[in-house]
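Enquirer: Residue strings, one per chain:
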Amino acid sequence: MPATKMTMAQAINTALRDAMTADDRVVVFGEDVGQLGGVFRVTDGLHRDFGEARCFDTPLAESGIVGLAVGMAMNGMRPVVEMQFDAFAYPAFEQIASHVAKLGNRTRGRVRLPMVIRIPYAGGIGGVEHHCDSSEAYYAHTPGLTVVTPATNADAYGLLRASIDSPDPVVFLEPKKRYFAKEEVDVAEAVPPIGRAVVRKPGRDATLIAYGPSVPVALAAAEQAATEGRDLGVVDLRSIVPFDDDTVCAEVRRTGRAVVIAEAPGFASVASEIAARVTERCFHHLEAPVRRVTGFDVPYPAPKLEHHFLPGTDRILDAVDTLQWQDSWEVTA
Amino acid sequence: MPATKMTMAQAINTALRDAMTADDRVVVFGEDVGQLGGVFRVTDGLHRDFGEARCFDTPLAESGIVGLAVGMAMNGMRPVVEMQFDAFAYPAFEQIASHVAKLGNRTRGRVRLPMVIRIPYAGGIGGVEHHCDSSEAYYAHTPGLTVVTPATNADAYGLLRASIDSPDPVVFLEPKKRYFAKEEVDVAEAVPPIGRAVVRKPGRDATLIAYGPSVPVALAAAEQAATEGRDLGVVDLRSIVPFDDDTVCAEVRRTGRAVVIAEAPGFASVASEIAARVTERCFHHLEAPVRRVTGFDVPYPAPKLEHHFLPGTDRILDAVDTLQWQDSWEVTA
Amino acid sequence: MSSIASTGVPDAAAAPVRLIDERGAHVGEHPLPPVAELVAGYRGLLLARRLNEQAGALVRQGRLAVYPSSRGQEACQVACAQVLAEGDWLFPTYRDTAAVAARGVDPVEVLSMLRGDWHCGYDPVAHRVAPQATPLATQLLHAVGVAHAARLKGEDTVVMALCGDGATSEGDFHEACNFAAVFRAPVVFFVQNNKYAISVPLARQSVAPSLAAKAVGYGMPGVLVDGNDFAALTVVLGEAVARARAGGGPTLVEADTYRMDAHTNADDAARYRTEDEVAGWVQRDPLTRLRTHLAETGALGEEREAEFAAAAEEMAAHVRAGLGAETPVDPEELFAHVYATPTPQLAEQRAALRAELEFEEA
Amino acid sequence: MSSIASTGVPDAAAAPVRLIDERGAHVGEHPLPPVAELVAGYRGLLLARRLNEQAGALVRQGRLAVYPSSRGQEACQVACAQVLAEGDWLFPTYRDTAAVAARGVDPVEVLSMLRGDWHCGYDPVAHRVAPQATPLATQLLHAVGVAHAARLKGEDTVVMALCGDGATSEGDFHEACNFAAVFRAPVVFFVQNNKYAISVPLARQSVAPSLAAKAVGYGMPGVLVDGNDFAALTVVLGEAVARARAGGGPTLVEADTYRMDAHTNADDAARYRTEDEVAGWVQRDPLTRLRTHLAETGALGEEREAEFAAAAEEMAAHVRAGLGAETPVDPEELFAHVYATPTPQLAEQRAALRAELEFEEA
Ligand SMILES: Cc1ncc(C[n+]2csc(CCOP(=O)(O)OP(=O)(O)O)c2C)c(N)n1
Ligand SMILES: Cc1ncc(C[n+]2csc(CCOP(=O)(O)OP(=O)(O)O)c2C)c(N)n1
Ligand SMILES: [Mg+2]
Ligand SMILES: [Mg+2]
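Protein chains in written order, with UniProt numbering: chain A, 1 to 333; chain B, 1 to 333; chain C, 1 to 362; chain D, 1 to 362.
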């Protein structure tokens, strides 16, 4: 099958479909994922095509959904559940932190939980409160969870297939503002292994490190910087846990400068981690401190203010400007 | 009243008592906090002395406890609730993240939530699973919460008084392994403002940054280092949010070297934040990257293995040793 | 007035309490509420219906991002506000805009949230109306807290806590009902069972004989009421409020009603329900029913009808004007309310944003 | 056998089902289970009691850190395991060590958790016994998941899900019951109402007529049974299991019992309950009751008694030996099971720990 243009929602739908076809242990459930096909239509047609046993609506209770998935995974299934929006996964937090993340360890590996928790996350859609949280730090900080987030539609397909195949529980974060953008996807392409970052754009002068919804923003910033004569590289993490130190550090060591970009509030965040670990590993290659361009440390704002909150190209380029270029002409020369 | 020797549990009990006496809007509730006086006896005697209306047991439901507190705070009270152990606050996560943290902002300050969520946290007591989590990152990452953790009994008293007086919701993290150690407490001392770190021990060569249960460990490490001729300073954060950049950075700029110590798994943690922000602010003063000595990225282990997990003095001193002393004899000279 | 609502163990399989049937006739033994109350209620229903329509129109015009309509549920919306005293509290959801307005909050303020201004557009304390809750069932616990605090303070406040049928499946619903029952808190839990949670039908939410039957498990009275019968709602909710105020503790009231519109304008209801099903509920329209009753009993003349219609149009014009106006929001407000006093970190971030904005302006 | 348990709407205020009274006499109409079952059950009770005592002794000797005893609840512990078929699953809590042992798991493996070795000492899959749950009520959802998966796969597995009276207040209890009822999952929810959640008495947990009455709100049968009557428990739980297996869906069973010991050895029960109250329950001891019954009906001779006592002593000796032995745990195992394959980050951390350990050894 050749590459086709599809939206990210379609890419995810196709991944679910293909996984359900390939393995009848894969079941999909959550709120409104059945007949409606999900509020973002990500599960469109699965109920019709695979039937009630393979794709079904549950009562409205997120802890229940995740807890049910834990039990079903214990009994040989591979549940893929949807949390309707980021903040609506919080009622399931105890199940996620105390069981999903820990059951494999608790049982010395005798029980593995091959399950995926899909969460549409982050902002940029003018949503009302609780519909735009970037909640990745909560999961990334919890040992035992794999945390994956695609930035492209091809990755959405490939990484979801890999996540469903994983023997471990995966929190699969879908940048909802990318749901309806079309891109080429070749489903026949090799599934990317979880844990590998990718250099979306090589660059000589500084490295932008991003994931999920911030990758296109970083690419746009790099493009703009190019018109101003600065060659910025962009690394797309794809997987937050496990973290690809090798790819990230190789880039940063080459450029000596880095900016981390993420929508979530910056304090004690994934961006903090990236800045800290890149600095630990590349300290003597750095010409300037690793800068973070993140959401402010405030609750996600109402629609009229969200563009002030979100890291945009200007803010990224401002941060790049502060990377003490004047002291280090010899590096960029 | 002169300083008296008391345990941290007693210091907290005294703070609750004094706050309840000073302000009859202060109410204490949770699981087993009434007649039993709490599983750690922190609320001992409050039910007897203040009566059922001021200190009471609730049904066993943490989301319920926190949600009840939100409503009571909306209606003019100052609830201080206890979560029995760290991991048992997770069922309340939605209430904490979506309401406790956000209601003031949501209402443009028309509703403030002067409430305190007390959480015995961290390990070192040989507890079974779910009784030893260091969960501070979850709260510190959530804008709208104040996150405080005392390391001394005097601070336990003073910071709790300040937390109860705060117009904002405070997550008050009590290092449970310190509950029964006696220290001098002078309750007449001025209440320390929330948001001020304290230099527990000045030091010339490197700065250890710690909070809560890790402060005594850092002090012990500094003591041991002194016998080996190295002069390490120790900063006790006391408050994670707000963060005292001034005190921390002043120390690090003086020493040029820093190690952050915390029990929680290191990935996307408060320790990551400290390392990242100290580096951003002190980059050109640093002789070596800021090192983190934290719990491993694994679930809190069973008792027999916890000493391997917890950051101890040896591990701290090993980290200090890696701070590239040989390249920088001129700084330490 | 004799009690219509069960005060002991609710009869789980009982038929909904009804006072006025679908053809506008008074049924059963229980007397109707005073005519003045019904007339006032009818006015409220008209305003609520008009508000639903106006808000829908504003969405189509792009003035509002989204609107979860309560069309078909107006009797519930108005009754739950009307039974409250001034000092009482209302805890609404996103769908209860009409109830909030019926409580006296300016609908422009309420709807400004959906224009994207801020998360809550009105003053909850001044109106004793909590912000409209989005995370389902969570607000029920806050309602219990407000009620419990009132009781401890010796105030006779009652709290009306709203949620939908779907929300009864959430853990917080359970914890809230149980806390209220154990503490005998003056709360009325009012479930508008409109048969759907977005696309998910009631049968997937519960196989209990009714949602009101859940009251048994908490040891509180539970009543199922015809949710399109304003008279029955007023009596049942009024009794529950009176019991709560008298120290009799909480009640769970389930209204049998129907969401006539889609979940929101963004929803496509054709995917999960038939036109026939919707048409069936048109017969049970709460406005028609009350109007027929009032008209037939002579309580509602043409003059009154015209007067009410004018009031509804005036309200709609006010809403159009209020929401048509462009209301700038100050970007720096992002940092203003997160804490009573911004942290040093927020002050720093605010300064950075200010610098950006000044640079852009320059 | 005619059904003893309500299969429709439970009678919320019904007295507990009882077959053998406190003096050992068969009461009521329902026949007793076969004598062989009762004798086997009695043996189980003796072993369970001995295990509770032995574990308590090990705590006092410092061999175990803590032990939540089920003394007084042994009839529940044994019955819930005995009614299960081999392919069924048991979901126990921290208090259900005796039930796990009655299911056939080596008590040394079970208790090794409380010696601090690891979070779960036995193989859950091999035994079809989930790890003992600490976070209250959370495991009930896993039980529903196992049951629902079994049903989807066409297996006739039944899942026995245990929790305490306190745990019924948690949101997860609600969600689990509701999911099970809606999906007609083959689960038996078995609540051991031992009257306390640590120090908090039942009255602070619920003001419902019974915990079994909560079943009404989920549309499932609910039964209250004398939790110190092994015969009644066997019949009630057995019927619930049979109904589940036959596709009849879940049942909520509440056992009226009592926690004779403190919550754990670390707890001081004198702070919240009287000696008198405890003494009252001594009269209702489940062992005495069954022994009296069997002795009086001639089903239990001295020989049998001696044989069972010896089996109990043998088990206790095995437990002492097993838990007395020092079992080292490999520090590197910290990293072994967090993921199926350790992440690069964990591999790095493991190497760092190994280096530390090697340095210490050197
Ligand atoms: C905790 C939580 N989960 C999911 C959602 C998403 N959501 C919004 S409305 C809705 C359906 C609610 O149904 P119901 O309670 O019946 O209320 P109705 O919309 O019918 O008034 C859902 C699932 C949410 N708001 N909160
Ligand atoms: C979610 C959660 N909250 C709190 C606790 C702490 N805790 C352990 S046992 C217990 C009491 C449980 O009572 P009950 O459910 O009646 O069971 P019992 O101990 O009586 O068998 C509490 C509060 C916990 N384990 N999990
Ligand atoms: Mg509904
Ligand atoms: Mg109990």
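Calculated directly from the structure, the hints in this document are not laboratory data. Heads up, some of the hints might be wrong.
To be verified - To give an idea of the interface, some chain A residues facing chain D are shown, with a C-beta separation under 8 angstroms as derived from the structure: (1) MET72; (2) SER98; (3) ASN105; (4) GLU306.
Stated by the list, open to error - Residues of chain A clear of chain B, computed beta-carbon distances all greater than 10 angstroms: (5) SER63; (6) GLU94; (7) TYR138; (8) VAL199; (9) ALA220; (10) ARG292; (11) ASP314.
Keep in mind that this is a model prediction, so the values were computed, not measured. The C-beta atom is built at its ideal place from N, Cα and C for all residues, glycine as well.
Enquirer: With reference to the structure, classify each hint as holding or not holding.
Expert: Going through the hints against the structure:
A cut of 8 angstroms between beta carbons decides the hint on A/MET72: the least distance to chain D is about 4 angstroms, and the hint holds. With its C-beta approaching chain D no nearer than about 5 angstroms, A/SER98 sits inside the 8 angstroms limit, and its interface hint holds. The beta carbon of A/ASN105 comes within 5 angstroms of a beta carbon in chain D, closer than 8 angstroms, and the hint placing it at the interface holds. Interface hint at A/GLU306: violated, since its Cβ lies 31 angstroms from the closest Cβ of chain D, which is beyond the 8 angstroms cut-off.
Look at A/SER63: its CB is around 8 angstroms from the nearest CB on chain B, not clear of 10 angstroms, so calling it non-interface is violated. With 10 angstroms as the threshold on Cβ separation, the claim that A/GLU94 sits away from chain B is violated: the shortest Cβ distance comes to roughly 4 angstroms. Its closest Cβ contact with chain B, about 6 angstroms, brings A/TYR138 to no more than 10 angstroms, contrary to its assignment away from the interface. The Cβ of A/VAL199 sits about 23 angstroms from the closest Cβ of chain B, beyond the 10 angstroms cut-off, so the non-interface label holds.
Distance check for A/ALA220 against chain B: the nearest CB is about 24 angstroms away, which clears 10 angstroms, and the non-interface claim stands. At roughly 7 angstroms from the closest C-beta of chain B, the C-beta of A/ARG292 falls inside 10 angstroms, breaking its exclusion from the interface. Every Cβ of chain B is farther than 10 angstroms from the Cβ of A/ASP314; the closest lies at roughly 20 angstroms, confirming the non-interface assignment.
Of the numbered hints stated above, those contradicted by the structure are hints 4, 5, 6, 7, 10, listed in ascending order.
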